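**Q** Each chain is listed here by its residues.
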Amino acid sequence: MKEVTLTVDGKKITVPAGTLLIDACEQNGIYIPRFCYHKHLFPSGNCRMCLVTIEKNPKPQPSCMTPVADGMVVHTNTPEVAEIRKAVLEFILINHPLDCPICDKAGECMLQDQYMEFSGDKSRFNETKVAKEKLYHFGEKIVYDAERCILCSRCVRITREVSKTNKLGILERGDRSYVALAHGDTLDDDPYAYCVTDNCPVGALTPTYFRFKERVWYLHKTPSVCAGCSRGCNIWIETKDNVIYRVRPRENDAVNKSWMCDFGREYYIYPPKNRAAGVKINHRAVDYGKFVSEVASLLKEHTKETAFVLSAYATNEELTLAKQLTEHLGIKGIFHKKDRVWQESTGEIREDDILIKEDKTPNMAGVKNAFPDAKDINDMVISDFKYAVVWGPGAPLDKVSGLELIVISAMVDQVWDKAKYNLAGRISAEKHGSFTNFEGITQDFRRAIKGENNYDELTFFVDLLKELGVKPIGRTVQEIQNAK
Amino acid sequence: MDFTDAEKKEIAYLRTRYPDPRSLTLPLMWMIQKREGFVSNEAVDLIAAELEIPTIWVEEVRSWYSMFTEKKEGKFVLEVCNNISCAMLGSQDVIDHICEVLKIKVGETTPDGMFTLKTVECLGSCGTGPMMQVGDRYYELLDENKVEQILEDLRNGKEHEQKPQEWPEYK
Numbered sequence: 001m002k003e004v005t006l007t008v009d010g011k012k013i014t015v016p017a018g019t020l021l022i023d024a025c026e027q028n029g030i031y032i033p034r035f036c037y038h039k040h041l042f043p044s045g046n047c048r049m050c051l052v053t054i055e056k057n058p059k060p061q062p063s064c065m066t067p068v069a070d071g072m073v074v075h076t077n078t079p080e081v082a083e084i085r086k087a088v089l090e091f092i093l094i095n096h097p098l099d100c101p102i103c104d105k106a107g108e109c110m111l112q113d114q115y116m117e118f119s120g121d122k123s124r125f126n127e128t129k130v131a132k133e134k135l136y137h138f139g140e141k142i143v144y145d146a147e148r149c150i151l152c153s154r155c156v157r158i159t160r161e162v163s164k165t166n167k168l169g170i171l172e173r174g175d176r177s178y179v180a181l182a183h184g185d186t187l188d189d190d191p192y193a194y195c196v197t198d199n200c201p202v203g204a205l206t207p208t209y210f211r212f213k214e215r216v217w218y219l220h221k222t223p224s225v226c227a228g229c230s231r232g233c234n235i236w237i238e239t240k241d242n243v244i245y246r247v248r249p250r251e252n253d254a255v256n257k258s259w260m261c262d263f264g265r266e267y268y269i270y271p272p273k274n275r276a277a278g279v280k281i282n283h284r285a286v287d288y289g290k291f292v293s294e295v296a297s298l299l300k301e302h303t304k305e306t307a308f309v310l311s312a313y314a315t316n317e318e319l320t321l322a323k324q325l326t327e328h329l330g331i332k333g334i335f336h337k338k339d340r341v342w343q344e345s346t347g348e349i350r351e352d353d354i355l356i357k358e359d360k361t362p363n364m365a366g367v368k369n370a371f372p373d374a375k376d377i378n379d380m381v382i383s384d385f386k387y388a389v390v391w392g393p394g395a396p397l398d399k400v401s402g403l404e405l406i407v408i409s410a411m412v413d414q415v416w417d418k419a420k421y422n423l424a425g426r427i428s429a430e431k432h433g434s435f436t437n438f439e440g441i442t443q444d445f446r447r448a449i450k451g452e453n454n455y456d457e458l459t460f461f462v463d464l465l466k467e468l469g470v471k472p473i474g475r476t477v478q479e480i481q482n483a484k
Numbered sequence: 001m002d003f004t005d006a007e008k009k010e011i012a013y014l015r016t017r018y019p020d021p022r023s024l025t026l027p028l029m030w031m032i033q034k035r036e037g038f039v040s041n042e043a044v045d046l047i048a049a050e051l052e053i054p055t056i057w058v059e060e061v062r063s064w065y066s067m068f069t070e071k072k073e074g075k076f077v078l079e080v081c082n083n084i085s086c087a088m089l090g091s092q093d094v095i096d097h098i099c100e101v102l103k104i105k106v107g108e109t110t111p112d113g114m115f116t117l118k119t120v121e122c123l124g125s126c127g128t129g130p131m132m133q134v135g136d137r138y139y140e141l142l143d144e145n146k147v148e149q150i151l152e153d154l155r156n157g158k159e160h161e162q163k164p165q166e167w168p169e170y171k
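As you go down the protein sequences, you meet chains A and B in turn. All residue numbers for the first sequence refer to the working numbering, where the first residue is 1 and numbers rise by one. All residue numbers for the second sequence refer to the working numbering, where the first residue is 1 and numbers rise by one.
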């Protein structure tokens, strides 16, 4: 591709032709403030915050709408540009209500940050601010505050370009303008609706699940990977005191860009009610050590009659240990299953051409990599086995008889209730490990919250291997990853 | 609500003139506005369905242009200029007088559905202010007596011929 060389603040930079000036500067360490420009949206050029001066050009130019040209000489740190930024901020703040103390965006608001960095001036506007609607429900999920809105149109472009529902638009003109839905419409059936709240530069669009719940600076952000489907969107899980308050997409150009679907978010925000707890044998709570030794001796005795059903929620590191275990014991009957399948009644979308995949489990590719010979559970001949280690929920074994079940699962289902041996597992927010998505991209995630009254599967496999007298490949995620 | 057969014929012709159907939003909205006097939400749905574009795009156009109204207005819409030239020549007196005669406020419609009073920005007739527009017709050099006469004539259906305005003699 053709490259062009330009000068920004006296520094020569070379970028591919056609790059926008704002991106060219950012790639070379010069941040240009912006409100309406978003890397993954078509530029709109309406906020004027990214104005820079270009030599031989009589007026300042919006860098988000200006493609680079050979020999361009750009200034972004002159007193003139600083003056322009102050003026733009003063205009934007004319009708902004400055209700930061009650605004959920305070602390991560682009308007706050950029005002503190580039202006800090007092307003010269002594007249009455335009009053607008403060509480406009865009359906159940999102609330809009027209006064805080700076009309950058990011949300409008998200519904046009990302979710392609074309639900939002800007009505009226001038200082009466506001973002709105068509009459009688809601954002509830837009599967990417929460993305408009993440990318709102101010507090105009807020998700109802997070409104007035917690101040953002108290939240602890953990990088994680969404376990809602096989796309493996990169996410931040934001927690405080072991409670998940908010889930937001983490930027990754290779997987999810800046977006994630609402089902993925709700998967974390509204944790499932049927969580499994404790360790049991014959439906009675037992000591964890006793459970490990009983399961170990059972597996040792009945190797040939034992089926091993894998979980597509398992991390790659757990699968490595499971492989070591089955290889050591010589278990032949290994099966994989889909832990969660799409059900129409939940209202979830089966598949779309944006992010959502049909496979609703996060690590089927990892399972198939670790156990290439594993068969589908639907092909299992029940009469060949007397025992089955069932890992994860959703196994179609609740109706069969003549199988003694050992269930390791984070969820209670009919198989869990039927089992003789139960060990409560953890969901991905409580684990550290990695998932491989449908494209074969392996991504690490960290533990965001502590599991309560349940056991890490990784530790369970380590203990099981030690009980059988084998040295595990590794005792922690790092050790296993380094050993690979 | 639907388009009439004549309107459908017109739409078929207009489609040949505009390659992008979205460009037809304005002509179609004019059809409805002229026929009904306002563009209801139902009409917005109709236009959006006809052009196969999102409903919000049609709503955006309706709210942008002050010529399209969401609610039904009077038979005659009195649009009185309230910008600086007319204001200096006494437009506020004219507006106050209309309010007094019709017993309505700015932005309201008379109970009999005849008149709606609005104030508008400059209509480019500053030399002959105060002035107002009713439909396609300009009424210029207004004063209290003249505006009362115009209202009376409009109510009685008396046609007002649009003539080039005679300029006053300035001494």
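Rather than coming from a laboratory, the hints here were simulated on the basis of the structure. Predicted, not measured: the structure shown is a model, and the values here were computed from it. Some hints here could point you the wrong way.
[Stated by the list, open to error] Using 30 Å as the maximum straight-line C-alpha spacing, the simulated DSSO-like pairs for lysine-lysine come out as follows:
#1 A/LYS132 to B/LYS158
#2 A/LYS280 to A/LYS257
#3 A/LYS134 to B/LYS71
[Unchecked claim] Anything over 12 Å on all C-beta distances counts as not near chain B; from chain A, calculated:
#4 ILE84
#5 ASP99
#6 HIS137
#7 GLY139
#8 THR159
#9 ARG176
#10 HIS183
#11 ASP185
Cβ atoms here follow ideal geometry from the backbone N, Cα and C, with glycine treated the same way.
**Q** Given the hint that A/LYS134 pairs with B/LYS71, does the C-alpha gap stay at or below 30 Å?
**A** 24 Å, holds
**Q** Measuring Cβ to Cβ, find out whether A/GLY139 lies farther than 12 Å from everything in chain B.
**A** Given a closest Cβ separation of 14 Å, the condition holds.
**Q** Does the claim that A/HIS183 lies off the interface hold, with its Cβ farther than 12 Å from every Cβ of chain B?
**A** The claim breaks: A/HIS183 does not keep its Cβ more than 12 Å from every Cβ of chain B (closest is about 5 Å).
**Q** Since A/ASP99 was said not to touch the interface, does its Cβ keep a gap of more than 12 Å from each Cβ of chain B?
**A** 26 Å, holds
**Q** Compute the least Cβ-Cβ separation between A/ARG176 and chain B, then decide whether it is above 12 Å.
**A** 9 Å, violated
**Q** Using Cβ atoms and 12 Å as the threshold, tell me whether A/HIS137 really stays out of contact range of chain B.
**A** 16 Å, holds
**Q** Regarding the assertion that A/ILE84 does not contact chain B, is the least Cβ-Cβ distance greater than 12 Å?
**A** 28 Å, holds
**Q** Examine each Cβ of chain B, and state whether all of them lie more than 12 Å from the Cβ of A/THR159.
**A** Since the minimum Cβ distance to chain B is about 9 Å, A/THR159 lies within 12 Å and the statement is violated.
**Q** Measuring Cβ to Cβ, find out whether A/ASP185 lies farther than 12 Å from everything in chain B.
**A** Given a closest Cβ separation of 7 Å, the condition is violated.
**Q** Please work out if A/LYS280 and A/LYS257 have their alpha carbons no farther apart than 30 Å.
**A** Roughly 43 Å between the alpha carbons, so the hint for A/LYS280 and A/LYS257 is violated.
**Q** Take the C-alpha atoms of A/LYS132 and B/LYS158, compute the straight-line distance between them, and say whether it is at most 30 Å.
**A** 43 Å, violated
Checked against the numbered hints given earlier, this structure breaks hints 1, 2, 8, 9, 10 and 11; the rest are met.
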